[in-house]
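J.: Next come the chains, spelled out residue by residue.
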Amino acid sequence: MELLGLFHYWVFAVLLMIGFYAVVAKVNLVKKLIGLSLFQAAVFLLYITMGKVSGGTAPIFQAGMTDALFSNPLPQVLILTAIVVGISTTALGLGIVVRIKEEYGTIEEHEIQEIDRQ
Amino acid sequence: MTDLATHLPVLQVVVPLLLAPLVVLLQPRGLAWAAATTGSVLALAIAINMALAVLGGADLRYELGGWAAPYGIALRVDSFSALLLLIVTGASSAALLAARRSIDDAIQSHRQPMFYAAWLLALAGLAGILVSADAFNIFVFMEISSLASYILVAGGPDRRALPAVFKYLIMGTIGATFYLIGVGLVYMMTGTLNLADMELRIHEVADQRPILVAAGFITVGLALKAALFPLHVWLPNAYTFAPHAVTVFLAACATKVSLYVLMRFDFVVFQQNLAGHEAQFAAFLMPLAVLAILVGSAVALFENNLKRLLAYSSVAQIGYILLGASMVSVAGLSAGVLHMFNHALAKGALFLAVMGLATRFAGLDLRGLAGAARTMPWTMAALVLAGLSLIGVPGTAGFISKWYLVTAALDEGALGIFLIAVVVAGSLMAVVYVWRIVEAAWFATPAEPAEASGAGASGEAPFAILAVTWAVALANIVFGLFTGAQRELAERTAGALLGNLP
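For the protein sequence lines, the chains are P and C, in the order given. Take 8 as the starting number for the first sequence in my numbering and just add one per residue. Take 29 as the starting number for the second sequence in my numbering and just add one per residue.
Calculated from the structure, these hints are not laboratory results.
Taking lysine to any residue and the SDA-like style, the derived pairs with C-alpha atoms no more than 20 Å apart in a straight line are:
| hint | chain 1 | residue 1 | chain 2 | residue 2 |
| --- | --- | --- | --- | --- |
| 1 | P | 59 | C | 216 |
| 2 | C | 195 | P | 29 |
| 3 | C | 195 | C | 258 |
| 4 | P | 38 | P | 112 |
| 5 | P | 38 | P | 97 |
| 6 | C | 195 | C | 259 |
| 7 | P | 33 | P | 22 |
| 8 | P | 33 | P | 98 |
| 9 | P | 38 | C | 199 |
| 10 | P | 59 | P | 13 |
| 11 | C | 195 | P | 35 |
| 12 | C | 195 | P | 45 |
| 13 | P | 108 | P | 35 |
| 14 | C | 195 | P | 31 |
| 15 | C | 195 | P | 98 |
| 16 | C | 195 | P | 124 |
| 17 | C | 195 | P | 113 |
| 18 | P | 38 | P | 115 |
| 19 | C | 195 | P | 42 |
| 20 | P | 33 | P | 112 |
| 21 | P | 59 | P | 74 |
| 22 | C | 195 | P | 97 |
| 23 | C | 195 | P | 24 |
| 24 | C | 195 | P | 117 |
| 25 | P | 33 | C | 261 |
| 26 | P | 38 | P | 95 |
Partial list, computed: chain P residues near chain C (C-beta under 8 Å):
| hint | residue |
| --- | --- |
| 27 | 30 |
| 28 | 88 |
| 29 | 92 |
| 30 | 103 |
Heads up, the beta-carbon is just placed ideally off N, CA and C, and yes, glycines get one too.
Generate coordinates for the entire structure from the input sequences, incorporating the hints supplied.
T.: Structure, rendered in structure tokens:
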């Protein structure tokens, strides 16, 4: 049961490894970037789960609230920044892939290496 | 003025950060260059000012928005960050002052304002990492500087830069994400992001296992960004195919800033909180440092492209810096930190000379450099001078740090003898690869003598490049003879980092 209780960490670890595998094993550059996005998304989940307080609600103060239990908002704020960073990285990566396609006519890693070797 | 002085740590970041969007608007490209250079020199002036204050015994702290740490975000400049700020802003200023002609050749004129804006963002990011005292802020600045430097590297005309920068982006992002995981785990256990606060709170953590995992993630992630052997594979191609001015800037400082964060975290946050951490740190990094020195130098022996040769030499130099750090002694650490400064001087001058050479010899292949010494004697002389510093010949800056490294190794007993042998072997290989450049430029006869009379094939590098190259090359001599200030900063850094060792 303890294993199931930690299921959000399992989600983090499994997603992280799927993403990492795609980055390492795929030869298509767009697939590599998809893997990279998954890899980053796993870390977003890690941060969001750690801020959850069981029974806690969204940390918004309202009039007449006395002893509400709040989730920790700080990790969510942090990860908002990290999501922005992740999007910029993916966008820049895709931009580079477009340039590679223009210059080399392919986005398969081994074909690019072949062309460079000539 | 005194009022302004208290704001210097934040101005160090804000000046280039705010100039970046302004530079985009400056359409005549000369103006964009002038604005970027002014911003960079201004940043250098701020860095010098803070270094002098730190040398005078000040410990500069700044609370953003007036919120007190650990709840607010704090900036802090001590001797370690002051020294690295000098390297970063100095490298950027030297590269920009020299680079105008080289960048005109490499980048279309309507793209140049954007290019200079990316440059300023990279500078702001690197400076931000150095002034920040907050683990998450370091991550954000790391990503700002990385994203900007991917753009800089990909900006050149060589299409091989694109796959190189893609690899750099993938590996850089994985490194940064590993760092983020580590910071998350520490935050989970301690509830703080402020580095100084973290150090205190980890004491109170009962279960040390997540902290140990965090230390692993952070160390590996930053080693990836610092291009530590065997995680260096992104570096040679990125340096080789980047525009020459970008190589000057990044080679002199980008990896060192990651090493700075690595040392900060391992020595300040984890050192006294994890049992046996210094032994693990040494056991993990020392073999890698030794391999980096030997393999990096050996590969450089056989490289035929001048920029690739120097890039592999950089891999070896990162090894020297970490070798010093992995001795976990005051002498070793100050040698490593000093080598950061001296290597930045030597490699900066070398790549500046390469930038000059590239205006005449497009391929930068060693075999194509025949006769270079005849057509551009001043550039080649500066290159050799910087090469001597890279080798570590007495009288140059490179000698000082290698001397300290060897002295520190002597304290290590039998292991020390082996380490000295490694340093000597690395230096001997440096002699050989620098000699290969000399041989190609001075003694090889040009394959086609008629080529020398072709258009643009003769004459010195443009004056701006030559002047800056010589200024940096002579700085290698000056800092080789007058070692006071930077040694003081390095020793104080080592003292502070190891201050709480048992």
